[in-house]
Amino acid sequence: MAVDLAQLNEEYRYGFHDPESYIYKSGKGLSRSVVEAISAHKGEPEWMRRFRLRAYDAFERKPMPRGFWGGELRHYPLDFDDIHYYVRPTERQGRTWEEVPDQIKTTFERLGVPQAERQFLAGVGAQYESEVVYHSLREEWTRQGVIFLDTDSAVREYPDLVREYFGTVVPPADNKFAALNSAVWSGGSFVYVPAGVQVEIPLQAYFRINAANMGQFERALIIAEEGSFVHYVEGCTAPIYTTDSLHSAVVEIIVKRGARVRYSTIQNWSGNVYNLVTKRAVAYADATMEWVDGNLGSKVTMKYPSVYMLEPGARAEILSIAFAGRGQYQDAGGKVIHAAPHTTSSVVSKSISKAGGRSSFRGQLKVQAGATGARANVRCDALLLDEQSRSDTYPLIEVDEQQVTIGHEAVVSKVGEEQLFYLMSRGLGEQEATALIVNGFIEPIVKELPMEYAVELNRLIELQMEGSLG
Amino acid sequence: MSEVLQIRGLRVAVEGKEILKGVDLEVRPGQVHAIMGPNGSGKSTLAHTLMGHPRYQVLSGSVSFGDRDLLPLSTDERARLGLFLAFQYPSEIPGVTVASFLRRAYMAVKQREVSAVEFFRVLQQKMRHLQMPMSMAERYLNEGFSGGEKKRNEVLQMAILEPKIAVLDETDSGLDIDALKVVAEGVNALRGPELGVLIITHYQRILHYIQPDVVSVLMEGRVVQTGGRDLAEKLEEAGYDWIREGKA
Ligand SMILES: Nc1ncnc2c1ncn2[C@@H]1O[C@H](COP(=O)(O)OP(=O)(O)OP(=O)(O)O)[C@@H](O)[C@H]1O
Ligand SMILES: [Mg+2]
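First to last, the protein sequences are chains A and B. For the first sequence, numbering that gives the first Met the number 0 begins at 0 and goes up steadily by one. For the second sequence, numbering that gives the first Met the number 0 begins at 0 and goes up steadily by one.
So here's chain A without its partners, still in its complex pose (with noise of 0.2 Å):
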């Protein structure tokens, strides 16, 4: 398919008010030249060019993840030709709420992220279809050499950094997904924490599509120097009306010596968008990774957080709630790779299914030979709502290592007669009840959260359980 860039950059200009309206939106399916076209679109250096090229083979060249990765993705048929690749919404990207498109403007507005910002944020990026709309740093942490941008920016700006880690966590060829995304990736934040540097307030990236057949790429990428600290929140919280949606994004973090990287997400996709995410760090010396991870809404979701624990000390956390309703498959867990001694891990994993949805948990725990005292607990648990619903534990654990302490255990429960019986005793509906256990279920998880997310998430929750994000 031929994409006459300058044809459609007129065809799609109808000003900013309209919610149709966009500067560029790439017909649908992907080729060769839609990369290129992406590409030339950005104004890209020529490493990102041929970066994006080597991996758009490397997706044509990948079958669908079959086996234990992504295996159930057969089940759930996804049309690679029926997506619109890339969609620009507006012509530049704001430093202040002004610069941004009205329409958009309101679009985040009623999403609460410039009153979240002012409220308790270092930095916020909006990103509408494909592009970061809007970006900003508190001066503080701009002053002790923060960088935040989104990542399109970053490749300009910071050239030699961005080049340096880019690809190097997730390999464009790691799956087809991790293929796609560096074949068509846009936006996405980039953060560069310096040494001893820490952030004690959170960063945050609101990600938002807004068109059918849409396809959101973005790419973050990471970097903790050694003794820094940084707690970076992705989220998209309102519902999403879109059909047929592809999220596929990477995520990519490198956590030095001495340095701790936690990386929340609450993601709440409207029901048709195929959620396909990889997101993983590499942890150095007593570094510290944690991953908090909600997924809520979405067709399918298939996510697995990895940390690879590369140096002794190391330590890995993951955290990870999922909630699939009626027609819904999420797919989640974590990886954790002890590849040196000493290494630290938690991987705890809490799903609930409701109206048939179907929640598994997919999980891989590796120790290496040599990774002495290393110290590993899985734990997962599943909350059934009805008879119809579904959950699989599906542990994978090899252990090459006699020295270490490997904790595994997996539980599923049905919310109890006696427990709704004894809620409601006491004046609270059936709902309500269940609601509240449910929100008892998952408090583990929520109590990580800063409180203005344990709030929305606890809110989300409460939407579910009212089906009224069906």
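It is worth saying that the hints were derived from the structure and are not from the lab. Hints may contain errors.
Claimed, not checked - Covered by chain B, according to a simulated footprint, are these stretches of chain A (three or more residues, beta-carbon under 8 Å):
hint, region
1, 114-127
2, 436-443
As the list claims (entries may be wrong) - No farther apart than 35 Å at their CA atoms in a straight line, the calculated lysine-lysine pairs in the DSBU-like style are these:
hint, chain 1, residue 1, chain 2, residue 2
3, B, 125, A, 446
4, A, 298, A, 27
5, A, 446, B, 109
6, B, 109, B, 125
Glycine included, C-beta positions come from ideal geometry on N, C-alpha and C.
Based on these hints, arrange chain B with the ligands on the given structure of chain A.
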């Protein structure tokens, strides 16, 4: 309007097995009605049925409260009408604190929004009465509670929700002597012309503190004897055999 809890000819089955075989019983406002009876005689079945547990199937008979027929009502509707059951075996609800749960219950029963501050005042006062440490309010509901703590927590809930009819299912079991006194005082503090109490127990010890107006004996799903306070004493001394023999 005086709201009497009236049970007539109540027959109840659990999993196809008939447990209550025609129970007649009355609890009047201001009255304490004690029910005693051997293990397995159907006391908890009666309590659960009054509260509308879905697994207890009413075969025939009626239960009314004032002029309301209770049987068609759901459990939460009964609670909002003023019925309360202190459970023999309270459920554990992980991750839900006593305080947050009780505030929701309080709002549900009072049928109005109650601010966290206002509720905290109520909670603090009631907990002090029952000599419960405030730290308990932040623990997860019944999780890891000792037997006695669970029972005390049941009475706390009763004190906060201020029911019109309270069914206490062996609330005295598992309490040490001091706790028994505190709990009994807690119940007595709620007594008044409005409150009717149905107290299920094996021991007349608690009846020293909460003096019953009527004592009924339940055996094999039927009320086989009704009397005054002295009946409880006699049962404690002589057991149930003399009733069985009398019946035979
Ligand atoms: N859910 C149930 N399934 C099967 N049988 C039940 C169930 N609930 C109660 N029963 C039976 O009904 C009978 C009465 O039980 P119930 O709990 O009402 O006795 P109780 O008088 O409260 O005894 P206790 O003094 O031991 O508390 C018992 O035989 C019991 O096994
Ligand atoms: Mg009993």
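task: Check each numbered hint from earlier against the structure, then list the numbers of those it violates in ascending order.
output: As far as the earlier hints go, only 1 is violated by this structure.
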